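Colleague: Model the placement of chain D on the given structure of chain E, informed by the hints.
Just so you know, the protein sequences line up as chains E and D, in that order.
The numbering of the first sequence is the numbering used here, which starts it at 1 and goes up by one.
The numbering of the second sequence is the numbering used here, which starts it at 1 and goes up by one.
Worth flagging that the hints you see were computed from the coordinates, not collected in a lab.
Some clues are possibly wrong.
Note that identical chains are pooled: a pair holds if it fits in a single copy or bridges any two copies.
To be verified - Listed below are the simulated BS3-like cross-link pairs for lysine-lysine, each with C-alpha atoms no more than 30 Å apart in a straight line:
| id | residue 1 | residue 2 |
| --- | --- | --- |
| 1 | LYS41 | LYS65 |
| 2 | LYS53 | LYS23 |
| 3 | LYS65 | LYS53 |
| 4 | LYS53 | LYS41 |
| 5 | LYS23 | LYS41 |
| 6 | LYS23 | LYS11 |
| 7 | LYS41 | LYS11 |
These figures come from a predicted structure and were not determined experimentally.
Protein chains: 2
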Amino acid sequence: MLTAEIHVTLKDLVLDPQGTTLKRSLEALGFTGVAEVRMGKYIQVRFDSDDRKAVERQVDEMCQKILSNPVIEQYRFTIREGQ
Amino acid sequence: MLTAEIHVTLKDLVLDPQGTTLKRSLEALGFTGVAEVRMGKYIQVRFDSDDRKAVERQVDEMCQKILSNPVIEQYRFTIREGQ
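The following block holds chain E by itself, in its conformation from the complex:
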């Protein structure tokens, strides 16, 4: 069994309204010194397979087709053994 850990984040130049809202909430709660907040997705995909090469290819294709929006988002992933 292999598990892919995928991070999908907004590209650096893309505004992040959700992050800005969260930053304001943190300030309203009294947290000081926060310069910026960026929100992203963290997706874990577990595979029955043990074929690392094939899983890597599949995950890359998933990221491009459905898990990210390549116009505004970037992705990176690692594959590890186990659940």
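Modeller: Okay, now just chain D, sitting in the frame of chain E:
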């Protein structure tokens, strides 16, 4: 400048309807061998401060107060130098 990288995930025993929906979409697109999909949040918080201990305390408090729902979610974070 310090940056906190925070992962918020559902506890293992909590059902993940968003992950289940995504798994079905992947199968509908022809991806085979997917055993499970779990969706989580990945939050980056940048601090003006260089006081690692103080930032660690702040991030832990943020996670408990606003970034996660401790009833159903768990969190982990790392602090690194730079943006």
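Colleague: Now tell me if each hint is right for this structure.
Modeller: So, going through the hints one by one against the coordinates:
1. LYS41 to LYS65: both (15 Å within a copy, 20 Å between copies)
2. LYS53 to LYS23: between (40 Å within a copy, 20 Å between copies)
3. LYS65 to LYS53: Cα proximity of LYS65 and LYS53: one copy only (19 Å, versus 41 Å across).
4. LYS53 to LYS41: both (24 Å within a copy, 27 Å between copies)
5. LYS23 to LYS41: Intra 17 Å, inter 16 Å, cutoff 30 Å: intra and inter.
6. LYS23 to LYS11: Both: 18 Å inside a chain and 25 Å across chains, each within 30 Å.
7. LYS41 to LYS11: both (13 Å within a copy, 16 Å between copies)
Violated hints for the displayed structure: none, as all numbered hints are satisfied.
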